[in-house]
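Trainee: Sequence:
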Amino acid sequence: MSKLAGDRERYARQMRFAPIGAAGQDRLKDARVLIVGVGALGSSLAEQMARAGAGEIRIVDRDFVEPSNLQRQSLFDEEDAREALPKAVAAAAKLRRINGGIRVTPEVADVTPRNADALLAGMDLALDGTDNAACRLAVSDACFRRGVPLIYGGVTGSAGSSAALVPGETACFRCLLGGEETAESDRNCETAGVIYPAVAFVAALQAAEALKWLTGNRDALRRSWLNADVWRFAVRESRMPAGQDGCPYCGAREAERRALERSLPLSAASGPDSGETRFRGSGADEGGGEAEGRLPMEATVLCGRETVQVATGLARSPREQEGILRASGCRVTAVNAFLARAVTPGGIRLTAFADGRVLVQGEADAQVAIGLCRRYLIGSADPERTDGRGTDRRISREEEGRDSHANDS
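Be aware that the sequence shown starts at 2, since it is given in the numbering used here, and climbs by one per residue.
Hints were generated in silico from the structure; no laboratory data involved. Do not take every clue at face value.
Claimed, not checked - Here are the computed lysine-lysine pairs in the DSSO-like style, where the Cα-Cα straight-line distance is at most 30 Å:
hint, residue 1, residue 2
1, K30, K213
2, K30, K95
3, K95, K213
Please build the complete structure, drawing on both the sequences and the hints.
Mentor: Below, the structure written as structure tokens:
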């Protein structure tokens, strides 16, 4: 059987749906889709896009698979959790088994205003599978700069919402929900929980809008912000507003500015910072082994997870990270081609990625998390900062402040 005949058979039921047909399927084959976040929503979206036959799928996620993900994140299994595989890598492997005729590119990365444009380059559509406002704002800003539609989705508890954000037609995410502080809700999956039927419902809404856009059925696009609760079953829609005149992303001159930025290199087209709250600590202790002139470490408190992400700026292989962690007294629990995981003597879990990011789990204080990374991964530990039992003693903000000033001098 020829490849063309095989494709026709594979997608036969989808092609019999009149709005898609053979022409729409051909459009899908050439489509390039960015999926940001491969958690609950993102894994469902990625599977639906792969099964539908989207030609290229780029998936981006900063996290790794844990047992608590398996209740609602459909692409992962217990083996992925045991191996602590990055979600993007585990998802890509599953998608290639689902559909070997498409291209799947995993990116193990934290999406920020610094890299959002590059991750979006060449894509026809972006699907929102993330779980935090800072990332959504960075993606929305990049989408409206580059003229790429963004299909938003969010779920908490039994309720969720979805909308299509289209440059030149609708308001951007920043105008709809404000900056990071106003867009971030106290209710999230960690505090309010989440049930998988709500995830599946919202992902289906997003995937339907994606199929409309990618198959050329853009007049059928839903022009509303939809909220739904699958437990008490209630659905409410409100019309999507147009771009706001004063906004640099979706305002009246957005199309003109976007056309200009398309002609610039990506580095010159980066927009203002998303407003993500970051905490800076000293980049190096004297003699601590870091390269001279390295930028200070940055830490981001992840909402609702008692976890801090620290960007150390030190890219090392997982095997190197493993050796450093063992030498500093940590118990290594997992090592693969992408990361090393360990537990400190005080029970704090560290996950060190090859790109220099570290997830500090069991700690919600950014400055303490920076201190733990310096102690166990940078080689600038203060041995007196453990108690007599060898367990971590919490570093106060005042102590960290003194250290930072001393190190800066």
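Trainee: All the hints need checking, so say for each whether the structure fits it.
Mentor: Each hint tested on the structure:
Only pairs whose Cα atoms come within 30 Å are accepted, and K30 paired with K213 is accepted, the gap being roughly 14 Å. Annotation: proposed proximity of K30 to K95 holds, straight-line Cα distance about 19 Å (limit 30 Å). Using a Cα cut-off of 30 Å, the hinted pair K95 and K213 holds, with the two alpha carbons roughly 25 Å apart.
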